[in-house]
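Please construct the entire structure, taking both the sequences and the accompanying hints into account.
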Amino acid sequence: MDISPAHNQSLEDLARENVLHPFTSPKGLLETGPTVMLEGKGARLTDAKGKVYLDGLAGLWCVNAGYGRIEIAEAIFEQAKKLPYYHQFSAMGTEPGIYTADKVKRLAPGRMARVLFGCSGSDANDTQVKIAWYYNNLKGRPQKKKILARNRAYHGVTVAAGSLTGLAYVHDAFDLPVLPVIRLTCPHYYHEQQPGESEDAFCDRLVEELKTTIEREGAETIAAFIAEPVMGAGGVVFPPKGYFEKVSKVLKDNDILFIADEVICGFGRLGTPFGADYFGFEPDMISVAKGITSGYQPLSAVLVGEEVWETIRDASAHLGVFGHGYTYTAHPIACAAANANLDIMEREKLFDNAAETGAYLQEKLRQRFAGDPHVGEIRGAGMIAAVELSADPATRKTFDPSKGVGKAVAAEAMSRGLIVRPMMNDALAMSPPLIITRADVDEMVDNLAASIDAKRDMIAAAAKA
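All letters in the sequence shown, in the order written, are residues 1 to 465 by UniProt numbering.
Derived from the structure by calculation, the hints contain no laboratory data.
Keep in mind that the hints are not guaranteed to be accurate.
To be verified - List of simulated lysine-lysine pairs, DSS-like, C-alpha gap at most 27 Å:
1) LYS139 to LYS51
2) LYS252 to LYS241
3) LYS41 to LYS27
4) LYS145 to LYS103
5) LYS81 to LYS103
6) LYS27 to LYS407
7) LYS130 to LYS246
8) LYS241 to LYS139
So, in C-alpha cells, the structure goes:
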C-alpha cells in the first residue's frame with residue numbers, strides 16, 4: 001500500500017480531487033481551487049504562495065491567543081509523549097481533563113456545577129438538547145421537549161444543532177429541522193424594528209412575543225431556550241439593551257432552561273470571560289468551544305448548572321449511569337492545549353486587551369464609516385464587529401443577494417491582505433485574535449475602507465438595481 005503524497009501535484013489540485021470543503025460551492029471550488037494556508041504567527045497567516053494576511057476573523061472566531069504559540073505546542077507535544085489518549089467512561093479520568101474542567105468552571109458565570117467535554121460547538125449544543133430532555137424526564141415532565149430558538153441563530157450543523165440553527169442554508173436539502181423547535185424573532189433592531197419603534201419598545205415587543213409563544217405552546221411542553229449572547233454567523237447581531245435580563249425572568253417564571261451558546265463569545269471575545277458577563281445574565285447551562293483552545297485542538301464543553309446537576313446526581317441512585325459522552329470526551333491532548341491557552345489568556349490579560357483595544361476598534365470603525373453612503377450599520381463590542389453595507393442607509397434597504405456585494409468587498413480585502421467574512425445582508429464581520437494592537441486595528445480599518453472604495457462603482461450600481 002502506497003499512500004505517500006503525490007508531490008507532482010500542487011496542493012490546490014490535490015484539494016480539488018480529494019476534499020469536500022464545508023460551506024463551499026463544490027462546483028466553484030473545482031474552478032478556482034482553495035487558498036491554502038501554510039503558516040501562522042501572531043495575527044497573521046501566510047499562504048502556499050507566500051502571501052501574508054492579517055486574519056481579521058481569528059480563523060473561524062476562535063484563534064483568540066493568536067497563531068504560533070510555542071507554549072501551547074509544547075503542551076500538546078509533552079502530553080502526547082506522556083499519555084496521548086485515555087477516556088472518561090466508567091469513572092476514569094486524566095490529569096489535563098480534570099484541570100481544564102476546574103479552570104473553565106471557575107471562569108464561568110452563574111452557578112455552574114459540572115463540565116462535560118466534546119469536540120465541537122455543534123456536539124456541545126447537541127448534548128444540550130439531550131440534557132434538557134433528560135433533566136425534564138427525570139423531573140417527571142416527559143412532555144417538556146420543545147426548544148425555543150431565534151431566527152438567524154447559528155448553533156451548529158449536526159441533526160440536533162442544525163435544527164436549532166435558524167439559517168436556511170443549514171436546513172435546505174438536509175431535511176432539517178427535525179426537532180420540535182419554535183422560532184422567535186431575531187433580536188436585531190436595525191432590521192426588525194417596526195416604523196417609529198424605539199429600541200426599548202422593540203425589546204419589549206420581543207419579550208411579549210416570548211410570553212405569548214409560551215402561553216400558546218404551553219410552558220409544560222417547552223424544555224429550553226437557547227441563544228448566543230451575540231449572534232455570529234447570523235451577522236454579528238447584538239440584542240437591544242435589557243433583552244437578556246427580561247428574557248431570563250420570563251424563562252425562570254415558566255420553569256424553562258436557559259442555554260447560553262457561548263461558542264464564539266466565551267473566553268474573552270467581548271472583553272469579558274463570557275458573553276453572559278457582558279450582558280449581565282445567568283444561564284442554566286453553557287456551551288463553549290473555539291476559544292477554549294484558541295483552535296489549537298478541537299475541544300468543546302457543556303457546563304451544567306447546579307439545579308440540573310443535582311437532578312442528574314440524585315436520579316443516578318435508581319437510574320444508574322449517565323448514558324452520554326464521547327470516545328474523545330476530555331481528550332488529554334486537547335485539554336493540555338486548553339490549559340496552556342487559558343494560562344496565556346490569564347497571564348497576558350487578553351480579556352483586558354479585548355476590551356481596551358476592542359474599544360479602539362469600535363471607535364475607528366465608527367470614525368471611518370459613519371456617514372458612508374453605502375454603510376447602513378456599524379455594530380460591535382470588544383473584539384467582534386460588523387460593517388453592514390446598504391443600498392440605502394436612510395431606508396435600511398438591503399442589496400439584492402445575487403449581486404454579491406459583501407462577497408466582492410471581502411474578496412478585494414483578501415487580495416489586499418485582510419481576511420474578513422461576508423455575512424447575511426452584506427455585513428462584513430471582524431473577529432480578530434485578542435492579541436491585536438492598535439497598529440493592527442489601523443491596518444484593518446484602512447484596508448477595509450480601501451476595499452470598499454475599490455468596489456464603489458460596483459456597489460453603487462448594485463444599489464440602483
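Hints, one by one, checked against the model:
{"no.": "1", "hint": "LYS139 to LYS51", "result": "violated, 57 Å"}
{"no.": "2", "hint": "LYS252 to LYS241", "result": "holds, 19 Å"}
{"no.": "3", "hint": "LYS41 to LYS27", "result": "violated, 32 Å"}
{"no.": "4", "hint": "LYS145 to LYS103", "result": "violated, 32 Å"}
{"no.": "5", "hint": "LYS81 to LYS103", "result": "holds, 23 Å"}
{"no.": "6", "hint": "LYS27 to LYS407", "result": "holds, 17 Å"}
{"no.": "7", "hint": "LYS130 to LYS246", "result": "holds, 26 Å"}
{"no.": "8", "hint": "LYS241 to LYS139", "result": "violated, 34 Å"}
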